[in-house]
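Next come the chains, spelled out residue by residue.
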Amino acid sequence: MLETLFFYAFAALALLGAILTVTLRNAVHCAISLIASLAGVAGLFLLQRAEFLFAVQIVLYIGGIMVLFLFVIMLVNLDAAARERQYHRQWIAGALSVVGTGLIFAYFLTRGAESLKLNEPVPAGPRNSEAVQMLADSLFREYLVPFEVASLLLLIAIVGSVVMAKKRI
Amino acid sequence: MPASFMPSAQELMRFAPEMLLTLAGTLIMLLEPFTESGNKSRLAWLALGALLAALGLTAVSAADPGPAFSNMLLIDEFGTFFRFLVLAVGVLTILISTHYLRSGGHESGEFYALLLFSIVGQCIMATANELIMLFIGLEVSSIASYVLAGYLRDDKRNNESALKYFLLGSFATAFLLYGIAWTYGITGTTDLSLIRSALLNPASRPNEVLTAAASAFLFVGLAFKVSAAPFQMWTPDVYQGAPAPVTAFFSAGPKAAAFAMFLRIVLTGFEPLKKEWEPLLWVSALATMIIGNFAALRQTNVKRLLAYSSISHAGYVLVALTTHSGPGAAAAMFYLAAYCFMNVGAFAIITHVARRDERYVEIADLAGLGTRQPLMAGLLTVFLLSLTGIPLTAGFFGKFYIFKVALDQGFIWLAILGLLNSALAAYYYLRVIVVMYMEPAPEGEGELPAPAAGVLAAAVGSAIATFFLGLFPSSLLDFADKARRIFN
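These protein sequences, in sequence, are chains A and B. All residue numbers for the first sequence refer to the numbering used here, where the first residue is 1 and numbers rise by one. All residue numbers for the second sequence refer to the numbering used here, where the first residue is 1 and numbers rise by one.
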């Protein structure tokens with residue numbers, strides 16, 4: 001019962017934060033709403049007993065990435081952008097497609113509710129320290145190559161942003 | 001480090017071409033600050049050498065096929081085929097781009113490094129047998145491509161091209177990733193062979209709605225990457241805006257690798273769903289051919305014309321894919337090889353005619369090329385005839401095999417409509433040839449310099465490949481036929 005209550009609270013936080021992120025005009029306020037949304041997701045992780053993901057979500061996303069976001073927003077002058085007219089010309093079409101998609105989802109979810117079952121999760125929740133160890137094992141044994149290639153991906157992103165941003169190399 | 005963590009020498013050997021290219025790309029960036037601005041072509045030589053060495057290592061690793069790194073990669077003949085193809089495209093691209101970059105004063109190590117990294121991603125796409133690995137390979141290839149599209153950052157068209165490619169590409173990637181997540185949710189695995197057995201297993205027969213959703217998301221992502229209708233809108237703008245040598249690369253390398261990925265997903269992991277995929281691919285193949293060919297009819301810009309033509313060629317390959325058969329896969333592979341050479345060749349000539357800052361990229365600018373530079377005009381004629389599908393050229397056999405497979409597998413209407421489409425395509429290819437030979441050179445236009453050695457080498461090499469595949473198609477087809485057996 002209490003768990004359900006918490007689920008709805010966190011889910012509401014995540015949704016509300018996401019809505020505010022795209023509707024508020026001031027970029028700093030948007031970033032702060034995004035923090036609220038991410039915190040809601042972190043809470044959902046905790047309810048699923050994924051303590052490690054919970055910690056990663058807080059430390060990496062809310063701690064690291066969002067601070068970078070705020071830095072960039074404060075460095076770049078966005079006052080002018082905040083006063084510009086925002087694009088809402090297609091809002092009727094947007095609203096219609098959102099409602100339409102929602103209705104389709106609702107229809108199929110109610111029609112197929114009993115047949116809708118995902119594959120069984122990994123059996124039995126291991127203890128938390130074991131879970132982290134399992135994660136490390138699969139990351140550095142089975143998924144070693146994707147992990148390493150992902151670092152190449154980051155290198156490309158860094159080189160690319162320098163190439164695109166610098167006047168003369 | 002425990003012994004079980006160490007990859008075996010065999011596995012490392014199978015992954016050697018990618019490792020070599022990554023090292024070479026990093027080395028180029030390290031050497032870049034120590035290279036005088038007049039000597040940047042040394043870095044091009046280094047990149048070229050690395051690609052040739054990678055071709056050699058690919059041949060070596062092909063002698064010992066098998067999985068590597070806990071089934072993340074599967075070095076089989078199929079993967080080797082596409083590895084050879086994307087590496088060859090890389091060699092041609094470097095040959096085309098050196099002079100272009102130098103004449104504009106844009107030559108730097110980053111260009112070659114990013115090109116090599118992009119090719120690493122494409123090699124991974126060709127050999128990966130697991131959705132996460134495929135996805136990361138695709139991202140490595142795409143992110144490097146986004147930067148290459150906007151490489152001349154002071155050029156407005158370059159910026160437009162890079163921004164469009166980046167925004168739309170990321171959007172499509174998100175769809176693909178979402179599809180992968182759904183697939184994992186349904187089957188509990190991301191390994192393509194295990195996905196196949198999970199979908200075949202009657203005991204755990206997954207929910208149809210969920211598999212349909214997963215397939216749809218995957219289709220959106222893949223169709224975008226091969227520029228198939230209805231997700232082809234980005235292609236003309238990106239191809240027109242990017243630097244001409246980069247466009248040559250885009251139209252061949254990433255497209256061939258994306259098709260390799262498409263073939264592998266559709267013919268292994270999602271093969272049990274072929275009845276469901278068939279109508280989707282049927283409609284998409286037809287729409288792609290029609291949109292590409294009809295839009296190309298009205299173009300005046302050569303790069304844009306070839307962009308629409310590349311859309312229509314993706315449609316022909318999709319016809320082969322629609323048949324969901326081993327011979328279809330072989331036909332698609334042959335077609336992609338033929339297409340890569342003739343298209344890169346055509347873009348090599350366009351790069352040459354466009355000159356500095358790409359001032360001459362209209363069809364009208366080609367007027368009188370037949371008398372001004374007969375060799376260049378002759379080579380472009382060969383490529384255009386091959387794109388049309390005239391006998392003796394690679395393009396003819398490519399189309400022949402695809403439509404033959406379509407007829408054999410009972411896709412009679414699709415084959416007929418495809419043939420009508422390729423007849424239509426002859427109009428816009430021949431129009432370019434007519435302009436080259438029948439119209440006089442415009443007055444007061446700047447002198448057209450002699451072609452640079454690299455462009456000439458790339459164009460002649462592509463022409464030789466085009467003729468070779470047109471005269472001795474069985475040499476490549478036998479290999480493709482061996483490679484496609486993995487799908488049965």
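Calculated directly from the structure, the hints in this document are not laboratory data. Any given hint could turn out to be false.
[Unchecked claim] No more than 25 Å apart at the CA atoms, straight line, and that leaves these computed lysine-lysine pairs for BS3-like:
#	chain 1	residue 1	chain 2	residue 2
1	A	K166	B	K164
2	B	K164	B	K274
3	B	K404	B	K482
4	B	K482	A	K166
5	B	K404	B	K275
6	A	K166	B	K156
7	B	K40	B	K274
[Said to hold, decoys possible] Chain A stretches covered by chain B per the calculated footprint, using a threshold of three residues with CB under 8 Å from any CB of chain B:
#	region
8	141-147
9	151-159
[As the list claims (entries may be wrong)] Label-pair ranges, simulated between beta-carbon atoms:
#	chain 1	residue 1	chain 2	residue 2	range
10	A	I158	B	G105	23 to 31 Å
11	A	A95	B	M233	21 to 29 Å
12	A	G63	B	K275	48 to 56 Å
13	A	V22	B	E36	22 to 30 Å
14	B	V434	A	G112	31 to 39 Å
If you're wondering where the values come from, they're calculated on a predicted model, not measured in any experiment. The beta-carbon is built from N, C-alpha and C at its ideal position, and this holds for glycine as well.
Sort out which numbered hints this structure fails and list those numbers smallest first. 2, 4, 7, 13 and 14
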